[in-house]
Amino acid sequence: MSVSTHDRSLPAKAMASFRLPSAFWLIAPSILFLALFFVFPLLKLVAISLPDGSTEYYHQIFTTPVFLRVIGETFRVSLIVTVVTVAVAYPYAYAMAHGGRAVLLVLTVALLIPFWVSLLLRSFSWIVLLQNTGLINNFLIATGLIERPIRLIRTPLGVIIGMVHILLPYAVLPLYTVMKKIDLRLMEASSICGASWLKGFARIYFPLSLPGVMASAILAFTLALGFYITPALLGSPRDMMIAQMIAGQFTEQLNFGLGAALAVVLMVLTAVAFGLFGAARTALQKRDRRKGEA
Amino acid sequence: MDKLRRVLFWVVVGLTAVFLLLPTLIIVPMSFTTTSTLEFPPIGFTFEWYGKVIGASDWQGALINSLVVAFAAAILATVIGTAAALALHTYRFPGKTLVMGLLLSPMVTPVIVLAVGMYMVFSGWGLVATRLGLVLAHTVLAIPFVVVSVLASSRMVNPSLALASLGLGASRWFTFRRVTLPLIMPGVLSGAVFAFITSWDEVVIALFLADVRTRTVPIMIWNQVRTNLDPATAAVAAILIVLSALGVLLSYKFREARS
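Sequences listed follow chains P and D, in order. Okay, so the first sequence: first residue is 1 according to full-length UniProt numbering, each after it adds one. Okay, so the second sequence: first residue is 1 according to full-length UniProt numbering, each after it adds one.
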């Protein structure tokens with residue numbers, strides 16, 4: 001009989017009392033460090049946003065059109081970016097999952113190279129690509145698709161392009177993980193039974209890939225909510241997102257209370273989105289388990 | 001019909017790959033242009049911009065700040081994170097899920113929220129505009145990466161090896177140093193590389209915590225991009241890309257050693 005540290009036959013309590021001292025010393029530095037330099041700053045923001053327990057800043061945020069517009073814009077951009085990202089990621093992940101080894105290698109490299117280049121540098125590169133004399137406009141003019149350069153930079157379109165580019169790897173990976181487990185013979189079976197490709201896809205493949213779609217959509221959306229660098233560099237101040245507004249309150253308006261309240265709003269929105277992510281995953285896992293039992 | 005669909009599919013996938021690679025690939029060639037504006041394709045060929053950047057004292061200062069902060073943050077995060085990951089892997093204790101959640105949450109907190117929160121707290125502690133403040137902030141960001149990496153590698157270690165060592169009379173510390181640590185080393189090292197890159201690339205927190213003396217390379221780039229776009233920025237970007245690539249290769253080497 002082996003006595004491993006994972007041995008479930010030992011009562012947990014006995015294990016704990018036997019091991020706790022050294023577990024405590026291993027874990028204590030990280031908890032202390034994060035409590036001081038991570039949790040405390042977040043709590044401080046909550047405290048600043050509620051001077052003497054008054055909710056005036058939150059009241060101001062949710063009644064002033066400017067703030068509501070920025071929150072609305074943040075949701076709108078995040079939603080568009082999420083839809084586009086998942087739509088672009090889906091065929092890409094499909095090719096990675098079912099295209100064979102060589103395709104997988106090439107597509108993985110293409111996915112990971114930008115993943116390793118910092119967000120700032122990629123946004124910088126998009127400025128150069130999207131400017132009026134940039135590669136994209138020159139290409140479109142050369143092919144005769146447009147006559148005059150179209151304005152891409154400092155527009156919502158520019159922000160969306162830049163954000164999709166940054167979020168794409170995050171969206172592809174969960175999709176790929178789910179898709180590579182899908183048996184393509186199911187599609188063959190459906191086509192033998194006379195179903196068209198489209199019908200087979202809509203009724204068999206897509207539902208099976210749904211957990212991946214949800215995972216990547218929620219991940220993309222949650223990350224998109226907090227974007228700061230890309231909208232600041234590629235967007236116009238008119239289409240500001242909430243992160244830029246927070247930064248502005250601290251660096252330009254110097255209204256720390258309001259900035260802190262906006263930061264708390266963003267924190268809560270992000271936490272809710274991640275909560276949904278967890279809930280959706282458990283729901284899908286339950287569904288799959290039920291099917292497995294049936 | 002079937003064939004058309006297939007062709008269309010591969011065209012879409014191919015275009016997506018181009019879309020992914022394009023921004024990274026144009027940066028390096030742009031840094032060689034002889035014009036004073038950023039051009040792609042570049043016009044002529046010169047190392048002038050590299051010379052300009054390497055010779056400039058503000059870039060040198062920023063580079064030293066970046067290196068010092070990233071090294072310090074990587075070491076701090078690796079020590080703290082490895083210890084935590086070992087505890088999470090080896091022991092069962094009350095509130096373990098909660099601790100795990102705390103350790104990973106810096107990864108999912110919007111960085112702008114962290115930046116302003118740290119700014120408020122650190123200014124009270126005299127840590128704003130110091131390298132120490134940046135090190136502490138970047139360590140917070142890097143800890144989750146170390147924890148994930150070390151946990152992944154310790155899951156592959158056979159637990160009976162450490163038990164055998166303890167059973168043969170070795171002390172706990174000896175067992176850790178001579179048995180456990182060498183076995184999880186690949187995870188520790190790749191976590192350290194992750195931590196280094198996290199700090200090296202970080203811009204939002206540094207915007208709030210750094211001043212002219214303590215600013216890092218990403219802050220210099222940020223300022224350049226916001227004021228005037230010139231090929232010198234592309235030269236810096238190219239240097240950073242090459243350094244990142246080396247870091248990635250290093251971390252894959254460590255992982256290979258693991259398997």
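Mixed in with the good hints, there may be bad ones.
Okay, the calculated beta carbon distance ranges per label pair [what the hints assert, rightly or not]: (1) P/T133 - D/K96: 51 to 59 Å; (2) P/P29 - D/T35: 49 to 57 Å; (3) D/P94 - P/Q253: 43 to 51 Å; (4) P/T133 - D/V28: 30 to 38 Å; (5) D/L104 - P/Y58: 45 to 53 Å; (6) D/P29 - P/A283: 43 to 51 Å; (7) D/Y252 - P/Y58: 19 to 27 Å; (8) D/L8 - P/A142: 17 to 25 Å; (9) P/L36 - D/D58: 41 to 49 Å.
Calculated from the structure, these hints are not laboratory results. Ideal Cβ placement from N, Cα and C applies to all residues, glycine included.
Evaluated hints:
| no. | hint | in the structure |
| --- | --- | --- |
| 1 | P/T133 - D/K96: 51 to 59 Å | 57 Å, holds |
| 2 | P/P29 - D/T35: 49 to 57 Å | 52 Å, holds |
| 3 | D/P94 - P/Q253: 43 to 51 Å | 45 Å, holds |
| 4 | P/T133 - D/V28: 30 to 38 Å | 20 Å, violated |
| 5 | D/L104 - P/Y58: 45 to 53 Å | 28 Å, violated |
| 6 | D/P29 - P/A283: 43 to 51 Å | 48 Å, holds |
| 7 | D/Y252 - P/Y58: 19 to 27 Å | 47 Å, violated |
| 8 | D/L8 - P/A142: 17 to 25 Å | 24 Å, holds |
| 9 | P/L36 - D/D58: 41 to 49 Å | 32 Å, violated |
Hint check: violations occur at hints 4, 5, 7, 9; the rest are consistent with the structure.
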